[in-house]
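Taken in order, these protein sequences are the chains called Z, R and F.
With the numbering used here, letter number 63 in the first sequence gets 63, and the count goes up by one each step, no holes.
With the numbering used here, letter number 12 in the second sequence gets 12, and the count goes up by one each step, no holes.
With the numbering used here, letter number 72 in the third sequence gets 72, and the count goes up by one each step, no holes.
Where hints are given, some of them may not hold.
A few chain Z residues that don't get close to chain R, going by computed Cβ distances all over 12 Å [said to hold, decoys possible]:
#1 L207
#2 F216
#3 T253
#4 L260
Restricting the straight-line Cα-Cα distance to at most 27 Å, the calculated cross-link-like pairs of lysine-lysine (DSS-like) are [as the list claims (entries may be wrong)]:
#5 K172(F) - K281(F)
#6 K226(R) - K272(R)
#7 K233(R) - K277(R)
#8 K233(R) - K216(R)
#9 K226(R) - K31(R)
#10 K31(R) - K105(R)
#11 K178(R) - K24(F)
#12 K275(Z) - K24(F)
#13 K31(R) - K233(R)
#14 K105(R) - K275(Z)
#15 K31(R) - K119(Z)
#16 K233(R) - K272(R)
#17 K105(R) - K178(R)
#18 K281(F) - K275(Z)
#19 K226(R) - K216(R)
Cβ pair distances, simulated, as ranges [claimed, not checked]:
#20 V269(Z) - I267(F): 33 to 43 Å
#21 S59(R) - I267(F): 58 to 68 Å
#22 R209(F) - Y271(Z): 42 to 52 Å
#23 P26(F) - D258(R): 54 to 64 Å
#24 S29(Z) - R190(F): 48 to 58 Å
Think of the hints as simulated: they come from the structure by calculation, not from any bench.
Quick caveat: nothing in here was measured; it's all calculated off a predicted structure.
The C-beta atom is built at its ideal place from N, Cα and C for all residues, glycine as well.
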Amino acid sequence: MSSETTAQKRAPRLTVDDVLNHRRRAGWSRRVLYVFLLAAMAWSLNVTVIQDTDWARMGSLGNVLGAAGRFAGIDFALFPTLIAPMLETFMIACLGTLVGVIICIPAAWFGAQNVTPFKPITYPLARLAMTLSRSIHEIVWALFFVSAVGLGALAGVLALAVRSVGFIAKMSAEAIEDIDPGPVEAIRATGGNAFQVMLYGVLPQVLPQILSVIVFEWEINIRRSAVLGLVGAGGLGLVFFRQMNTFNYHGVTSVIIAILLLISAGELVSYYARKAVI
Amino acid sequence: MAMPLLPDRPGGGNVLPRLAGTSRSDIVAWKDAGMAILEVRNLRARYTVSGPEILKGISFNVEADDFFAIIGPSGAGKSTLIRCINRLVEPTAGEILFFDREITKLPRRELRLLRRDIGMIFQEFNLIDRMSVMDNVLSGRLGYTGTLRSLFRLFPREDIQRALELLDRVGLIDHVDKRADALSGGQRQRVGIARALMQDPKLLLVDEPTSALDPKISREVMALIKQMANEFKVPCLCNIHDVQLAMEFCNKTIGLQDGIKMFDGPTETMNKGNLEKIYAMEVL
Amino acid sequence: MNRPPQSPLVTPAGPSACHWSRFKFPDSLIRYASWISVLVFLTYTVEYLDIPLDRLLGMFGRMGTTLSTRYYPPDIGYTLDVGYLSYVVDTIHMAFLGAIFGLIASIPLAWFGSFNMSPSRRWLYPIARLITMSCRAVHEMIWAILFVAILGFGMLPGVLALTFFCTGFAGKLFAEEIEAIDVGPVEAMRASGANQLQVMAFGVFPQVRVAFTGIAIYTWDVAFRAATVVGFFGAGGMGWYLKRNILQVETERVAAILLSIIILVLISEIASAWARAKVMKMN
Numbered sequence: 001m002s003s004e005t006t007a008q009k010r011a012p013r014l015t016v017d018d019v020l021n022h023r024r025r026a027g028w029s030r031r032v033l034y035v036f037l038l039a040a041m042a043w044s045l046n047v048t049v050i051q052d053t054d055w056a057r058m059g060s061l062g063n064v065l066g067a068a069g070r071f072a073g074i075d076f077a078l079f080p081t082l083i084a085p086m087l088e089t090f091m092i093a094c095l096g097t098l099v100g101v102i103i104c105i106p107a108a109w110f111g112a113q114n115v116t117p118f119k120p121i122t123y124p125l126a127r128l129a130m131t132l133s134r135s136i137h138e139i140v141w142a143l144f145f146v147s148a149v150g151l152g153a154l155a156g157v158l159a160l161a162v163r164s165v166g167f168i169a170k171m172s173a174e175a176i177e178d179i180d181p182g183p184v185e186a187i188r189a190t191g192g193n194a195f196q197v198m199l200y201g202v203l204p205q206v207l208p209q210i211l212s213v214i215v216f217e218w219e220i221n222i223r224r225s226a227v228l229g230l231v232g233a234g235g236l237g238l239v240f241f242r243q244m245n246t247f248n249y250h251g252v253t254s255v256i257i258a259i260l261l262l263i264s265a266g267e268l269v270s271y272y273a274r275k276a277v278i
Numbered sequence: 001m002a003m004p005l006l007p008d009r010p011g012g013g014n015v016l017p018r019l020a021g022t023s024r025s026d027i028v029a030w031k032d033a034g035m036a037i038l039e040v041r042n043l044r045a046r047y048t049v050s051g052p053e054i055l056k057g058i059s060f061n062v063e064a065d066d067f068f069a070i071i072g073p074s075g076a077g078k079s080t081l082i083r084c085i086n087r088l089v090e091p092t093a094g095e096i097l098f099f100d101r102e103i104t105k106l107p108r109r110e111l112r113l114l115r116r117d118i119g120m121i122f123q124e125f126n127l128i129d130r131m132s133v134m135d136n137v138l139s140g141r142l143g144y145t146g147t148l149r150s151l152f153r154l155f156p157r158e159d160i161q162r163a164l165e166l167l168d169r170v171g172l173i174d175h176v177d178k179r180a181d182a183l184s185g186g187q188r189q190r191v192g193i194a195r196a197l198m199q200d201p202k203l204l205l206v207d208e209p210t211s212a213l214d215p216k217i218s219r220e221v222m223a224l225i226k227q228m229a230n231e232f233k234v235p236c237l238c239n240i241h242d243v244q245l246a247m248e249f250c251n252k253t254i255g256l257q258d259g260i261k262m263f264d265g266p267t268e269t270m271n272k273g274n275l276e277k278i279y280a281m282e283v284l
Numbered sequence: 001m002n003r004p005p006q007s008p009l010v011t012p013a014g015p016s017a018c019h020w021s022r023f024k025f026p027d028s029l030i031r032y033a034s035w036i037s038v039l040v041f042l043t044y045t046v047e048y049l050d051i052p053l054d055r056l057l058g059m060f061g062r063m064g065t066t067l068s069t070r071y072y073p074p075d076i077g078y079t080l081d082v083g084y085l086s087y088v089v090d091t092i093h094m095a096f097l098g099a100i101f102g103l104i105a106s107i108p109l110a111w112f113g114s115f116n117m118s119p120s121r122r123w124l125y126p127i128a129r130l131i132t133m134s135c136r137a138v139h140e141m142i143w144a145i146l147f148v149a150i151l152g153f154g155m156l157p158g159v160l161a162l163t164f165f166c167t168g169f170a171g172k173l174f175a176e177e178i179e180a181i182d183v184g185p186v187e188a189m190r191a192s193g194a195n196q197l198q199v200m201a202f203g204v205f206p207q208v209r210v211a212f213t214g215i216a217i218y219t220w221d222v223a224f225r226a227a228t229v230v231g232f233f234g235a236g237g238m239g240w241y242l243k244r245n246i247l248q249v250e251t252e253r254v255a256a257i258l259l260s261i262i263i264l265v266l267i268s269e270i271a272s273a274w275a276r277a278k279v280m281k282m283n
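Next up, chain Z with everything else stripped away, as it sits in the complex:
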């Protein structure tokens, strides 16, 4: 008995209830969040799925499956005609990435805190441009460029270029902000000008990371360029659109397979290229 009382005196012992109460209190705010999310989900479900859907027109599950079943089948006759659009899509992706990289050079330079030439103006400017470029969907960019330079591959190239700038420039700027300032100081001490400091002090340190980001973005650009044709910017998207409009559903499946092939090839190349640069 006496030993128990001394132990209680030494430290106020936690009871099972204390632990449970503490847990309950800690989980409280999280539970509010979950309830809120669930309520929002229910509301959204009601608005989008239950009210908006024309269930009668969609018909029974059988009808839906039937509609889906139309896509089961491959139009092999289409494949030879797909080679040219595939090449076009691939080329749009390459050129778009290249132009994007060129635009990135000033963007990353201005957008890295430690090298930006005039911080109060150039830094926020570059950051704004990056956010704008990343925020807007490639389809919107493509629509914009189609209306500006007309239908064709050029609009697609420009759309991809502008869309890729944000990500590449952001990652590059972050890489530049992380460099070791030592070599930069050394090049400045030899009397190099600002350009030489960038070229010898900064660039060699960040090149592998930037190359890896570029390859990654190139891979994503292949995926993007496959749909730009939907709004008139050339490539596989255009064929997809045409097959869809002529109700050649097996042809649609063929186009999707072509897209998947192209993307898988891109992913493979990108995987090994990124391994090689790092």
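We have chain Z; now place chains R and F onto it with these hints.
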């Protein structure tokens, strides 16, 4: 004041400012005239406007055949002092005369021409890790190389020749095409020395060249710097935390403590009392 | 260029006139060959895609005039209309549902598709990877068109398209996160006799919780960006308005809609960046 008659001496009444910096013959002329190549007068520096003052009025002279050691406890302002001289750190007050030319107010372009006359060797070597040893050494020549040439790394033949000879002198001729990060610490510092000498410097700033190296290599590197400085007749200003090395290699010493000069004179005149003053509380 | 004479090197026996070139023979050949092939490919690409290089600069001038005469001033009043605003709300609903469903689907997929934690490396791992990869590879626009073709116009196909998109997006990031965990706690759990699900819940989940929350918020962000345009092909939301006005060549309204999309996406991006920063701080 008796001055050597040099028609193109900076600030010597010439209307046009001289862009090409200092030429090699100036060192000889300055030495013959017994004048200081570098005069630092009442130098003050702080990093931020409200921050503490790092250098509190430092003055000293460097002459043509000096190998100066700057010693002092860490945080005394040794690195800042060195960096003020090629203005990697901007001094807040005071004067620096390099070949009798005030340099603290030089505009950007002139500053670059000044910097290519002052070689610098760094504590952490500050090499470009992903470039070859050769390119690292050649990068010492950037101040003399045009922007377009440096973009394609098209250095003139004589620069490459000089780089090869320097690499041979520092004992790295077999590592020319290796990447800088494949070398050991001592070898990396030798590349740093070759890069600084590539500039054909009229003054060598050396910032703790040995503190990233082990004692044996440290001695070798110091000996190499000393030998090269003698051979190329370049005065040296060397930050060093190791008093033993300073006593061994340097003919003059400046002792700094908390931004104030506590000692200035030939190394052999320095005694225990001076050292205690410099390192005030620190146990030697 | 003004090159002052250099001090002579006092070299006793230097390698005089040593020939050094940056690239030795096989290297140099490969290097030049690859540069030339890249250049050839680029030239061919420009030729093949029929990009009018000579008119390119003039094009940008014309772009400026088009923008300033036809798209300016944007018809802001149009986007403040109740009908349009209700479409904006619909878009938010769609993005939210798509993100939630996608996240729910991607958690088991990430578990099965992470090499270190997958319950069955032979069967579940490749299947989960395949599903995630195909969800990712097919662009959200294509998903939207396919679902519209199957289910008809409306928001349901939009939600489904976004769900597939988010599954692919979050599934990959989640799996990468799980593959990067510290295996110590997992081994401890296994040693205490926990089953697969328990190992997941007590050994893995606490380690990735914060990262998962960050990815979830990011997924919402991406989903919203996509939701603004899936309507372009009839899958609900404000994209439909965009399409209608483009077809009717109501350029000033198009400009206003584009502007509203940009502003909404920026708001969502800022909000999600704030939320992610907060989650990271809670860690």
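Hints and how they fare:
Once the 12 Å rule is applied to beta carbons, L207(Z) is inconsistent with being away from chain R; the minimum gap is 7 Å. The beta carbon of F216(Z) sits about 20 Å from the closest Cβ of chain R, which is more than 12 Å, so the claim that it is off the interface holds. With a cut of 12 Å on Cβ distances, T253(Z) stays outside the contact zone with chain R, its closest approach being about 47 Å. Taking the minimum C-beta to C-beta distance to chain R, about 37 Å, the non-interface status of L260(Z) holds against the 12 Å cut.
Among the hinted pairs, K172(F) with K281(F) is consistent with the structure: their alpha-carbon atoms are about 24 Å apart, no more than 27 Å. Among the hinted pairs, K226(R) with K272(R) is consistent with the structure: their alpha-carbon atoms are about 25 Å apart, no more than 27 Å. Note on K233(R) and K277(R): the hinted pairing is violated, with a Cα-Cα distance of about 32 Å set against a maximum of 27 Å. For the proposed pair K233(R) and K216(R), the alpha carbon gap of about 26 Å is at most 27 Å, so the pair holds.
In summary, the hint linking K226(R) to K31(R) is supported, as the alpha carbons are separated by about 18 Å, within the 27 Å threshold. Under the criterion of a C-alpha separation no larger than 27 Å, the hint pairing K31(R) with K105(R) is consistent with the structure, at around 25 Å. In summary, the hint linking K178(R) to K24(F) is supported, as the alpha carbons are separated by about 13 Å, within the 27 Å threshold. Simply put, K275(Z) and K24(F) have alpha-carbon atoms about 25 Å apart, close enough for the 27 Å limit, and the pair holds.
For the hint linking K31(R) to K233(R), the alpha-carbon distance of about 10 Å falls within 27 Å, and the restraint holds. For the proposed pair K105(R) and K275(Z), the alpha carbon gap of about 49 Å is over 27 Å, so the pair is violated. With a C-alpha separation of about 45 Å, the suggested pair K31(R) and K119(Z) falls outside the 27 Å cut-off, and the hint is violated. Between K233(R) and K272(R) the CA atoms are separated by roughly 31 Å; this puts the pair beyond 27 Å, and the hint is violated.
A hinted pair counts as satisfied when its Cα atoms are at most 27 Å apart, and K105(R) with K178(R) does not qualify at roughly 40 Å. Taking the CA atoms of K281(F) and K275(Z), the gap is about 32 Å. The hint is violated against a cut of 27 Å. For the hint pairing K226(R) with K216(R), the CA-to-CA distance comes to about 16 Å; that is within 27 Å, so the pair holds. Checking the proposed 33 to 43 Å range against V269(Z) and I267(F) shows it holds: the Cβ atoms sit about 37 Å from each other.
Hint check: S59(R) to I267(F), Cβ distance near 60 Å, so the stated range 58 to 68 Å holds. Taking 42 to 52 Å as the suggested C-beta distance range, the pair R209(F) and Y271(Z) does not conform, at roughly 29 Å. A beta carbon spacing of about 59 Å between P26(F) and D258(R) agrees with the range 54 to 64 Å that was offered as a hint. Take S29(Z) and R190(F): their Cβ atoms lie about 32 Å apart, and the range 48 to 58 Å is violated.
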